[in-house]
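Q: Given these sequences and hints, build the entire structure.
Residues per chain, in single letters:
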Amino acid sequence: MTHARHLLRVAALFVLVIAAFLAARHFLVPPSFGKLGHYRAAAVDDLKRLPVRYAGQAGEASCARCHAAQAKLKAGDGHRGILCETCHGALAAHAAAPKTGKAGKPPEDAMRGFCGRCHGRSEARPKGFPQQDLGEHNPGLACTQCHDPHRPKQ
Amino acid sequence: MSRISRRRLLRNAAGAALGWVAASVARRAGAVERFVRESPWIRAKPYWGYAIDLTKCIGCARCVDACKTENDVMRRPFYFRTWIERYVIRRNGGVEVESPNGGLDAFGRPAEPKTILKTFFVPKMCNHCENSPCIQVCPVGASYKTVDGTVQVDRRYCIGCRYCIQACPYGSRYFNPVTRTADKCTLCYHRITKGLRPACVEVCPTGTRIFGDLSDPGSPVSRFIRENAVQVLRPEMGTRPKLVYKGLDREVR
Chain A
1 MTHARHLLRV AALFVLVIAA FLAARHFLVP PSFGKLGHYR AAAVDDLKRL
51 PVRYAGQAGE ASCARCHAAQ AKLKAGDGHR GILCETCHGA LAAHAAAPKT
101 GKAGKPPEDA MRGFCGRCHG RSEARPKGFP QQDLGEHNPG LACTQCHDPH
151 RPKQ
Chain B
1001 MSRISRRRLL RNAAGAALGW VAASVARRAG AVERFVRESP WIRAKPYWGY
1051 AIDLTKCIGC ARCVDACKTE NDVMRRPFYF RTWIERYVIR RNGGVEVESP
1101 NGGLDAFGRP AEPKTILKTF FVPKMCNHCE NSPCIQVCPV GASYKTVDGT
1151 VQVDRRYCIG CRYCIQACPY GSRYFNPVTR TADKCTLCYH RITKGLRPAC
1201 VEVCPTGTRI FGDLSDPGSP VSRFIRENAV QVLRPEMGTR PKLVYKGLDR
1251 EVR
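Residue numbers (the numbering used here), protein chains in the order written: chain A, 1 to 154; chain B, 1001 to 1253.
Please keep in mind that the hints were generated in silico from the structure rather than gathered at the bench.
Glycine included, each C-beta is placed from N, C-alpha and C at the ideal position.
Among these hints, one or two may not hold up.
[Unchecked claim] To be clear about the criterion: a stretch of chain A counts as covered by chain B if any three or more of its residues have a C-beta under 8 Å from a C-beta of chain B, and this derived list gives those stretches: (1) 29-39; (2) 45-54; (3) 86-97; (4) 112-118; (5) 123-134.
A: The structure is reproduced here in structure tokens:
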């Protein structure tokens, strides 16, 4: 009989420890953990909620709605297929609220450097890509004095 | 009437049970092997993939800029989710790799142009490995692979131990000093789940960056992989990247 009491005491201890573990686990493990894998499934929803800054290809049509002239020029020349946002920066906010949202424009004085990001001479660029040596090609002049970035080949 | 001895009955029963267990284990093992071997995009739709055509990259770093804007990555050096490297390979076998501010600052003209064998740009980013070391080492389950194949960090669950940053063979992760967590390319998960492309793909002016659904044979990335000879970075690591390159030089690591 005394042995049975010992066993009961150990069993009670076991039950207590397991209950404590389960309680701690209940409070420490986030509710969605393990639903999709060994991670918090709610983290995926957190990611999805991040703001979209670039309107992208889908936003090109809304650019053309107000800036039809530029869009038409671009569509018929060398820079077709390149998004407005490649040069003008993220414009999703501007497209959503054209009056208040800030539109980006490459600054006039830094124009040579900006155009040069793509078109400056570099041995590392593919051979057929149009490139100019910025030191030799009309130094000091802004690119836009001769070239229209919306129809660069004219 | 023949009688079966108790010993024989027990032996036969044990043999039958063993055979049954072995057969079911073998069947299960076969299924596991198929599961491991077949491409995951056969099972999950969509399953995102990415390709970079190095024969087209002009190193303009519009992707680096767009990534920083879209994802609020700090405008300081050393914090990049994608960056551009310029390789200069000399005739004597020397290799120089440069990435001034991730490519955002202009690449200078390389010295001694006569000794250059070849030079080219290599955009880098998270490879979204199928078998990613960063997820394996995370002690808390803050690094994970989503059901559509992207590798992500749970910022609210990460304890900032930096194991994953050490484990990544591609140097794709960095420690975000603001959130005090590991940080990396999300493949613009907030965009791709809305039907948009990642910001870097959107702004790329030359079509170097290609994104799409590997489970759809008609997607841009599936077509690109099918129609070109593509390689991955560090194949010997067995990470099975879902970012593939076309025109990858053997010196690129």
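Q: Now look at each hint and say whether the structure bears it out.
A: Evaluated hints:
1. 29-39: holds (count 6)
2. 45-54: holds (count 9)
3. 86-97: Our answer is that it holds, as 3 residues pass the Cβ test (under 8 Å) against chain B, meeting three.
4. 112-118: holds (count 4)
5. 123-134: holds (count 5)
In this structure, every one of the numbered hints holds.
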